[in-house]
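Peer 1: Protein chains in written order, with UniProt numbering: chain B, 1 to 176; chain W, 1 to 176.
Derived from the structure by calculation, the hints contain no laboratory data. The structure displayed is predicted, hence computed values, not measured ones. Take these hints with a grain of salt, some might be off.
The list that follows gives simulated cross-link-like pairs (lysine to any residue, SDA-like), each with its CA atoms no further than 20 Å apart [claimed, not checked]:
no., chain 1, residue 1, chain 2, residue 2
1, W, Lys92, W, Gln48
2, W, Lys70, B, Asn142
3, W, Lys56, B, Phe106
4, B, Lys47, W, Phe106
5, B, Lys76, W, Lys56
There are 2 protein chains.
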Amino acid sequence: MIFWKFFFNNLVSQHSFNKHSESKDQLLIRNIPYKNTVINIHFNTDKQINLSELEKLCDTVGWVRRPLPKVYIAIKYSIVVISLFYKINLTKNLIGFARATSDYAFNATIWDVVVHPDFQGYGLGSALMHQLVRILRNQDINTITLFADPHVISFYHNLGFISNPDGVKGMFWYPR
Amino acid sequence: MIFWKFFFNNLVSQHSFNKHSESKDQLLIRNIPYKNTVINIHFNTDKQINLSELEKLCDTVGWVRRPLPKVYIAIKYSIVVISLFYKINLTKNLIGFARATSDYAFNATIWDVVVHPDFQGYGLGSALMHQLVRILRNQDINTITLFADPHVISFYHNLGFISNPDGVKGMFWYPR
């Protein structure tokens with residue numbers, strides 16, 4: 001029993017909500033046209049996100065504003081957050097975001113996928129999702145789920161997501 | 001900036017994966033007939049679950065067995081786990097289980113809802129779900145989601161869950 005406890009605790013200690021092994025900036029897509037020039041898009045999985053900048057990004061796609069302290073908690077307790085940005089000099093400009101919750105063992109659920117409208121149509125959404133799925137797979141998560149609005153169902157379908165497989169339905173409970 | 005960091009960190013410290021404020025045994029339903037007598041069903045939200053007992057419970061409903069170390073991690077990183085049991089003398093006999101993952105802020109997703117077949121038909125599944133929703137609502141989670149197999153969609157519907165609201169669809173990605 002003591003051995004198992006030690007074994008389990010060792011396993012669990014490999015999973016931390018405060019660190020992530022892959023937080024350095026990585027090149028995602030080169031030469032996206034922007035304002036009479038071309039830029040490179042990078043991504044990282046750093047949880048130290050400027051929440052005002054994230055809020056502005058979400059504004060561009062018309063999302064309802066959410067209390068920043070709750071956004072901070074949601075990021076903290078997501079298994080992965082992924083940010084897309086371009087750099088001008090040393091400044092990073094956030095243009096994409098997604099995150100996933102998980103039990104760190106079997107399932108993950110993806111939330112808050114957003115790409116700035118100025119940068120849509122260049123495959124950034126697909127590239128973002130490929131990275132997110134890859135990172136979750138690297139953490140041995142087998143079942144990756146999400147809830148898709150009608151206008152993005154075909155987008156996720158093209159990435160290999162299946163809607164209502166074997167009649168399984170996504171269901172929601174909201175406060176009345 | 002320092003104030004906000006202090007404020008955020010204080011908020012986050014209220015959420016811990018190792019403690020839960022509501023882990024004592026509570027009476028759920030009285031006088032369920034069982035083996036020529038009647039028993040009372042209790043629940044708690046203790047994460048210290050006997051994993052072999054949980055595995056046996058899942059066997060009774062025909063679920064595929066899963067590696068116990070991964071089950072341990074999944075329980076550890078669930079925002080809530082809830083167990084149903086009856087007591088004989090001081091021994092607790094596990095007869096129901098459910099858990100939820102969450103970002104501790106906006107969303108929770110319910111997984112692994114199970115009631116032992118010998119105890120189905122007495123409203124225990126509904127009572128279990130009511131407690132789970134109540135606990136998540138007490139933690140200020142507004143959107144509670146799940147993925148329902150076809151034969152339990154009406155069960156969840158009767159509990160107030162809506163399938164595919166506004167055309168939103170649950171989607172799955174599995175390794176190929």
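Peer 1: Hint numbers the structure violates, sorted upward?
Peer 2: 5
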